[in-house]
Amino acid sequence: MRGGRQVRREIRPSYFEGLVTATMNDILEMRNITKTFPGVKALGNVNLKVKEGEIHALMGENGAGKSTLMKVLSGVYPHGSYEGDILFNGTVCEFRSIRHSEELGIVIIHQELALIPQLSIAENIFLGNEQAKRGIIDWNETTIRTRELLRKVGLSENPNTEAGSIGVGKQQLVEIAKALSKKVKLLILDEPTAALNEEDSENLLRLMLAFKEQGITSIIISHKLNEIMKVADSITILRDGHTIETLDVRADRITEERIIRGMVGRDLTHRYPEREPKIGGTLFEAKHWTVYHPLQSDRKVVDDVSFEVKRGEIVGIAGLMGAGRTELAMSIFGQAYGKRISGQLFKEGQELKLTDISQAIKAGIAYVTEDRKEYGLILMDDIKRNTTLANLKHISKWFVVDDNREVIEAEGFRSRMKIKTPSIHQKTGNLSGGNQQKVVLSKWMFTGPDLLILDEPTRGIDVGAKFEIYTIINELADQGKGILMISSELPELLGMCDRVYVMNEGRFTGVVPRSEASQEVLMKYMTSRG
Amino acid sequence: MATALRAIRGNVRQYGMIMALIFIMLLFQFLSDGILLKPLNITNLILQNSYILILAIGMLLVIITGHIDLSVGSVAAFVGAVSAIMMVNHQMPFPIAMVLSLLIGAAVGAWQGFWVAYVRIPSFIVTLAGMLLFRGLTMLVLDGKSVAPFSDGFRSMSTGFIPNLPGEWSLHMVTLAAGIVLSMLYVFMEWRARLVQKRYQFEVLAMPLYAAKLIAIVVVINLFTYVLASYKGLPNILVLLLALVAVYTFVMRKTIMGRHIYALGGNEKAAKLSGVKTKKVTFWVFVNMGVMAALAGLVFAARLNAATPKAGVNFELDAIAAVFIGGASASGGVGTVIGAIIGGLVMGVMNNGMSLIGLGIDYQQGIKGLVLLLAVAFDLYNKNKSS
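In the order they appear, the protein sequences are chains A and B. Quick note: the first sequence, position 425, residue 424 per numbering that gives the first Met the number 0, numbers continuous. Quick note: the second sequence, position 45, residue 44 per numbering that gives the first Met the number 0, numbers continuous.
These aren't lab readings, by the way, just hints derived from the structure by calculation. The model shown is predicted, which means the values in this text are computed figures rather than measured ones. Treat each hint with caution, since some may be false.
Computed list of lysine-lysine pairs in DSS-like fashion (alpha-carbon distance at most 27 Å, straight line) [claimed, not checked]:
#: 1; chain 1: B; residue 1: Lys271; chain 2: A; residue 2: Lys372
#: 2; chain 1: A; residue 1: Lys372; chain 2: A; residue 2: Lys309
#: 3; chain 1: B; residue 1: Lys197; chain 2: A; residue 2: Lys419
#: 4; chain 1: A; residue 1: Lys48; chain 2: A; residue 2: Lys223
#: 5; chain 1: A; residue 1: Lys309; chain 2: A; residue 2: Lys286
#: 6; chain 1: A; residue 1: Lys352; chain 2: B; residue 2: Lys197
#: 7; chain 1: B; residue 1: Lys276; chain 2: A; residue 2: Lys419
#: 8; chain 1: B; residue 1: Lys382; chain 2: A; residue 2: Lys392
#: 9; chain 1: B; residue 1: Lys382; chain 2: A; residue 2: Lys396
#: 10; chain 1: A; residue 1: Lys392; chain 2: B; residue 2: Lys144
#: 11; chain 1: A; residue 1: Lys523; chain 2: A; residue 2: Lys309
Label-pair restraints from in silico Cβ distances [what the hints assert, rightly or not]:
#: 12; chain 1: B; residue 1: Ala245; chain 2: A; residue 2: Asp477; range: 43 to 51 Å
#: 13; chain 1: B; residue 1: Leu184; chain 2: A; residue 2: Asn403; range: 55 to 63 Å
#: 14; chain 1: A; residue 1: Phe398; chain 2: B; residue 2: Phe223; range: 28 to 36 Å
#: 15; chain 1: B; residue 1: Met206; chain 2: A; residue 2: Pro421; range: 19 to 27 Å
#: 16; chain 1: A; residue 1: Arg339; chain 2: B; residue 2: Phe201; range: 44 to 52 Å
#: 17; chain 1: A; residue 1: Asp477; chain 2: B; residue 2: Trp190; range: 26 to 34 Å
#: 18; chain 1: A; residue 1: Glu373; chain 2: B; residue 2: Leu26; range: 50 to 58 Å
#: 19; chain 1: B; residue 1: Ala147; chain 2: A; residue 2: Ile115; range: 27 to 35 Å
#: 20; chain 1: B; residue 1: Met206; chain 2: A; residue 2: Asp477; range: 53 to 61 Å
#: 21; chain 1: B; residue 1: Leu99; chain 2: A; residue 2: Pro421; range: 48 to 56 Å
Beta carbons are placed, not taken as given, at the ideal position from N, Cα and C, and that holds for glycine.
This is chain A alone, in the form it adopts within the complex (with noise of 0.2 Å):
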């Protein structure tokens, strides 16, 4: 490791000799960049300028178009899918794939790790950039090669161990030796931290710090305000699609409130339907749950969570991408997801043993999942099938369906629910997403459930079939049924929820009651520590 150098403030961007052009230091111009997703206007005329040499901070709420800028960037969305112009060094650029990107000098890397866990580090980083002569690999070279590399980036490990056994955290640096390899001059981040924990995360930034020193320039993406503060020099911030406003961090004095502000900063008139509240007593209850992560062991991914749904409540948990709350929700039920799970539940003040999903659904607990696609639907089916699926006994004598009750209970629930389809015999993979929330949401009220538990439930979804689904949550809670539910769109959850417990890093940070609830005050307990 590179000491215990600390992070100072005043470090100023060091420019390279010899730049291009003197009155010009940019080393990056995108100039309205719009690009369109069928039905998504996913981004609308974003600007951004990084200047030479500075650390970038990129900054929005979740779907706020940061990723879908720099896969732009980078020539994932190769040139011709997006309008719009590109400058690199002052030069136009109209890149057709990642290929050609790096090799300007461009690299990105992603949340999610892209390293091939059964070769070695050596490998996954010469990947697709062997070191060869006629095809012909040359180890020794590539070895020595890793080698440099990895001491730039201050991983003390053997070339040849292989990726996947190493942690997270020095998967990221080798990602980063990655594209040092590529002889780096803008390098992307996209959430870097997000899965490291403290140490590992104030390396990385130091290593930035570092990479400054030497001329790179990089772009960050984080949703970590603390980290942000500590390493950007400047700050563009995007809302919907658009670029709000670029800050520059040292001379403009920005404060984190500040950044919050220019995040969360719109109107939320009539996107939420009207709701009279008709809270009852307590339904649901978990007391001191605690998961562990199914592969690292050691790893608490839930910690020491207690809260309680009340009948006709909507209770909502906030928090950041990998704060737990998908693992928290599967983890109750039935022990979908964890191992070593501690704890209790409580229905009604009866405690329940849950150990696996049909049990869950027996108790009256429904889990609407945010992956749809992979987590909810049987794409091949039909809309009846998937709607009757998870509670066919209740249309089934002797363990016989009845497909003619089938099809009265899936056509009842099209037309309660508005799904928009010719009719139920429809393959549910040929459905809007919009309509295929609705599927999954009648095959959940179908099971006849107490508390239903919806994680994203409007994630990609247009704005009117989101206040549709808001309307029939509304309704399931005014029937009496306790509902958590799990959003990134803090609109959402306050346009939504009577209360909202916030989530950081396995743990519950704060609870906060509608009447006090703001963008500003979630955010702050999703950054702070419990």
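Given chain A's structure and the hints, the job is docking chain B onto it.
Structure of chain B alone, referenced to chain A:
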């Protein structure tokens, strides 16, 4: 008419396979100068393919769950060998020996199901190991020699026919009667389903079309039994097969277990989160496959009147081919019992037809390979077109 077209379009794979089967039958009927559809040959066709069809039913379930079983040929041989030791060497009564054999099959299936479902070793590897293991055990049990002969009672399962009325008859009257009873049963069930659907005010086929469909199927059933009746009648094994097809079609289409099998193959993670006990289901599908392989082994041994160390070689490939030709998807979640049977019959008719016209085994293998490839390609083409 529009509804009929929609119904046909919706089931293009199933109807396509039936069309292909009819086409192949007519082709070989023509090429073989009318031998293919002679009563004797039809009977032979059924006897020759019975064990593959039994395996195909079990294999269908395995493939729907997204797995494969390469060991069924060896398991069939192993169970055949053990049954021969019990019946021939130790004179055990054949009903007891058969029950024991099926239990051994279940145990073999449980063994493989354990590794696949609970240890999560890919089924390809588990059953490849099983293929070698049970072939080895077969040779060990038989000491490398064939064991024969079986009792007549046991052999009649594979080679016998249902009894006729006492007296002299030019046709097999019981077989004809069975055809009529079967037709009546079919019409009755169809009619009842229609009434229920009408009561729920569902859309039903227009009357003339509905009548035409019923008449066509009744005619086919009775023609078939007539052809069989003009030889020796209904083979016992066909009765067994029909029963299996009926039971498994019912299980797969109508029961919770069937739904869970399809759901598991369609999306294991989603099925699990919907409360399907995915491990348990996978395990029992393999147990079932073991029982079916055992049954196929018994049928084959009875037909051959011997248990041999080389019995059942390549059976697994025929069974797998039958399932895929019948429209199942290699990635799981799709397939029907009737489809697998039709697939098996396509292969069987081609084998039989090509032998009748004197085509060498070399050509036969090659042509069968191409048919498998084309059938699956056709299937994929249809799927892409519809989505």
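Broken hints, by number: Going through the list in order, the structure violates hints 2, 6, 7, 8, 9, 10, 13, 17, 18, 19 and 20 and respects the others.
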